[in-house]
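Since the structure of chain A is provided, determine the placement of chain B on it from the hints.
Protein chains: 2
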Amino acid sequence: MSEIAVISAKSGKFRKDSSTSLLDIACEPCISIFNQYPHLRDDIDCVLFSTTSDIQYGSTILSEYLGIKSNISQRIDNLCNSGTNAIISGYSFIKAGLCSTVLVVGADLKNTQGRSLKWDISRGQFPFPVHWAALFAKSHMRRFGTTEEQMASVAVKNRNNAMKNPAAFHSSRITLEEVLGSKKIVDPIKLLDCSFVCDGASAIVMTNKDNAKEFTDIPVWIAGIGTCVSSASFAGISDDLSSLKSAKIAARRAYDMAKIRPRDLDIVELHDAFTIMEIISYEDLDLAEKGEGGKYVTHGDIAINPRGGLLGSGHPLGATGIAQTVEIVEQLMGKAEGRQVQTPHRLGLVHNLAAAGSSAAIIILGSEL
Amino acid sequence: MSEIAVISAKSGKFRKDSSTSLLDIACEPCISIFNQYPHLRDDIDCVLFSTTSDIQYGSTILSEYLGIKSNISQRIDNLCNSGTNAIISGYSFIKAGLCSTVLVVGADLKNTQGRSLKWDISRGQFPFPVHWAALFAKSHMRRFGTTEEQMASVAVKNRNNAMKNPAAFHSSRITLEEVLGSKKIVDPIKLLDCSFVCDGASAIVMTNKDNAKEFTDIPVWIAGIGTCVSSASFAGISDDLSSLKSAKIAARRAYDMAKIRPRDLDIVELHDAFTIMEIISYEDLDLAEKGEGGKYVTHGDIAINPRGGLLGSGHPLGATGIAQTVEIVEQLMGKAEGRQVQTPHRLGLVHNLAAAGSSAAIIILGSEL
Numbered sequence: 002m003s004e005i006a007v008i009s010a011k012s013g014k015f016r017k018d019s020s021t022s023l024l025d026i027a028c029e030p031c032i033s034i035f036n037q038y039p040h041l042r043d044d045i046d047c048v049l050f051s052t053t054s055d056i057q058y059g060s061t062i063l064s065e066y067l068g069i070k071s072n073i074s075q076r077i078d079n080l081c082n083s084g085t086n087a088i089i090s091g092y093s094f095i096k097a098g099l100c101s102t103v104l105v106v107g108a109d110l111k112n113t114q115g116r117s118l119k120w121d122i123s124r125g126q127f128p129f130p131v132h133w134a135a136l137f138a139k140s141h142m143r144r145f146g147t148t149e150e151q152m153a154s155v156a157v158k159n160r161n162n163a164m165k166n167p168a169a170f171h172s173s174r175i176t177l178e179e180v181l182g183s184k185k186i187v188d189p190i191k192l193l194d195c196s197f198v199c200d201g202a203s204a205i206v207m208t209n210k211d212n213a214k215e216f217t218d219i220p221v222w223i224a225g226i227g228t229c230v231s232s233a234s235f236a237g238i239s240d241d242l243s244s245l246k247s248a249k250i251a252a253r254r255a256y257d258m259a260k261i262r263p264r265d266l267d268i269v270e271l272h273d274a275f276t277i278m279e280i281i282s283y284e285d286l287d288l289a290e291k292g293e294g295g296k297y298v299t300h301g302d303i304a305i306n307p308r309g310g311l312l313g314s315g316h317p318l319g320a321t322g323i324a325q326t327v328e329i330v331e332q333l334m335g336k337a338e339g340r341q342v343q344t345p346h347r348l349g350l351v352h353n354l355a356a357a358g359s360s361a362a363i364i365i366l367g368s369e370l
Numbered sequence: 002m003s004e005i006a007v008i009s010a011k012s013g014k015f016r017k018d019s020s021t022s023l024l025d026i027a028c029e030p031c032i033s034i035f036n037q038y039p040h041l042r043d044d045i046d047c048v049l050f051s052t053t054s055d056i057q058y059g060s061t062i063l064s065e066y067l068g069i070k071s072n073i074s075q076r077i078d079n080l081c082n083s084g085t086n087a088i089i090s091g092y093s094f095i096k097a098g099l100c101s102t103v104l105v106v107g108a109d110l111k112n113t114q115g116r117s118l119k120w121d122i123s124r125g126q127f128p129f130p131v132h133w134a135a136l137f138a139k140s141h142m143r144r145f146g147t148t149e150e151q152m153a154s155v156a157v158k159n160r161n162n163a164m165k166n167p168a169a170f171h172s173s174r175i176t177l178e179e180v181l182g183s184k185k186i187v188d189p190i191k192l193l194d195c196s197f198v199c200d201g202a203s204a205i206v207m208t209n210k211d212n213a214k215e216f217t218d219i220p221v222w223i224a225g226i227g228t229c230v231s232s233a234s235f236a237g238i239s240d241d242l243s244s245l246k247s248a249k250i251a252a253r254r255a256y257d258m259a260k261i262r263p264r265d266l267d268i269v270e271l272h273d274a275f276t277i278m279e280i281i282s283y284e285d286l287d288l289a290e291k292g293e294g295g296k297y298v299t300h301g302d303i304a305i306n307p308r309g310g311l312l313g314s315g316h317p318l319g320a321t322g323i324a325q326t327v328e329i330v331e332q333l334m335g336k337a338e339g340r341q342v343q344t345p346h347r348l349g350l351v352h353n354l355a356a357a358g359s360s361a362a363i364i365i366l367g368s369e370l
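Going line by line, the protein sequences match chains A and B. The end of the first sequence is residue 370 by the numbering used here, with every number in the run present. The end of the second sequence is residue 370 by the numbering used here, with every number in the run present.
Here chain A stands alone, though its shape is the one from the complex:
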């Protein structure tokens, strides 16, 4: 393990049509943390703000809103995996000895430009992520016999999980029939196969070993990190339209760093922007054999997306990677309340993609050093 720990983690309520400003939304999970641990505010010497918004100097302004005197302050963007990237920066600053306690905040509003990938001319006239999801779904169905019912069952599972997550965007149960009968967007992807971009914020506090042990009996340690950019454009994402090069490489790097095998994991938060992406990600993470992802939805043996994933919780771009990490931390701390998965749970993984899977960031967390 890295001897760097997450000691507190919170998400605000994910929602839409908020009249609240980005900065106010960003403050919500931070205030929850400071309400629980008032002294923590004074220990923070680095604030990292993950967002795709255009708020210049945003991390420093956010620090002033929160009454934090930091040394390092940065706004960080890498589209939908901005959140895990900011966590990786915080880890590195502590590891390099430049600071000791880092607040990583992710927040975005539903109207982010990042909903459309206009800069990628290799997508032709199809800049919306749903177009590439349809290509991946068609390819996986053709090659491996994956069915629309299997995809729909991902949505049903994650929406049901979200009902136990007070921060989730969605709070109602859906049925297989409702998913299959929902409006077709791009064949075979239907409305309820898609995650919704929304407003939301999440935050974690990370620190070094000495501080962590002083602060809490149940720190969650960063065990592995893996990142990979395969391209910025659709053209370089995949050789076969049924897996993501970036995620496969990033996962292998994270497993190597953590010195674990996929089967050692107890819980995974993966980037289910569309139902087909959850199925493909089982395979990219080596949880299921290639082509077996469709069956794994109902026959998998570890907890996948217990907070409801992006499909159930919503997808505020810059917050998503942090919200995923919050869930793994709460589960490993045993603080996930109604969502708490089986014990003993020791190892969890965060799988966070960006821009149609053209880049991936994976973080493995563990409850034991």
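These are computed hints drawn from the structure, not numbers from a lab. Incorrect hints may have been included.
No copy labels: a pair is met if it fits in one copy or bridges any two.
Unchecked claim - Pairs of lysine-lysine, BS3-like flavour, derived with a Cα cap of 30 angstroms:
1) Lys119 / Lys70
2) Lys296 / Lys165
3) Lys291 / Lys70
4) Lys260 / Lys210
All of these numbers come straight from a predicted model, not from anything done at the bench.
Just chain B now, kept in the frame of chain A:
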């Protein structure tokens, strides 16, 4: 020393009214580096893009433009010290063992929103940085007898230095009389006391010790890093309007990490957004005694802003901290051509402020490990 080195550094031409896109401008210094060292492109496993622009996923798109396959990719903003912040991230990623060779690119266009600090309501109706520069100038003149001539002589020195810098925005000599006679903006600040926000890009490549020694006989090592945020608003910047809390603290941290004294420095690139800021920064960096900054302009004993500083080179916000670092690296490598300062030169410092000095980042570089 940190055992992390800068091995190549370039700036593109700083200019205005460019018809070139931000990404094209950002590529210019990178292509200069790769033209000189073609194999370096394949070694890069991290691309960091410092910019205040709203280009989402910008570092990953830039990587694809440049044909780089990276692991870590981030767009980083902290307004005018985005550049040094990105360098500090690159340093930390290498130090943490997450990557080995980092390309840090800074680029901005003159029309950045960051010209005006509208979010800071403590500035009342005065959102432009020139207003606070005038307050600092008045205070320094009143308390220490600093004169308008001393401020003007900063502009003359730096504009003359810029004539030897092919990347500089300005290329013409100016006289003391021209500075003193230029249009008054906010008393006592005149037009030629101000740096100009312009288009521009700079880039450096950093790597670990083993790679550095294989690559070049003259790596430049990162010896010290110091950062500090005093506030995001004018209200928290200074106790006496004649020094910047952030810069003083950041400098002390950098000197401590590098285990050097200010007098050990041979060369400094400091953040002369306005002439008064160079005078105040001599004092904040402990190069001159408090109140003696005005006299130090013409009586200092080390090279200050040999590339022309911001006053001579121009100020493309996200590029500035990297352009400053390029100059120190070229000087310590002995590659500054017509600008090369006295030898032996072993230690240089980069002083990079943001948003009226509300945050500061200092990097000390050395030619010996």
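Check: Failing hints, ascending?
Finding: Violated: none.
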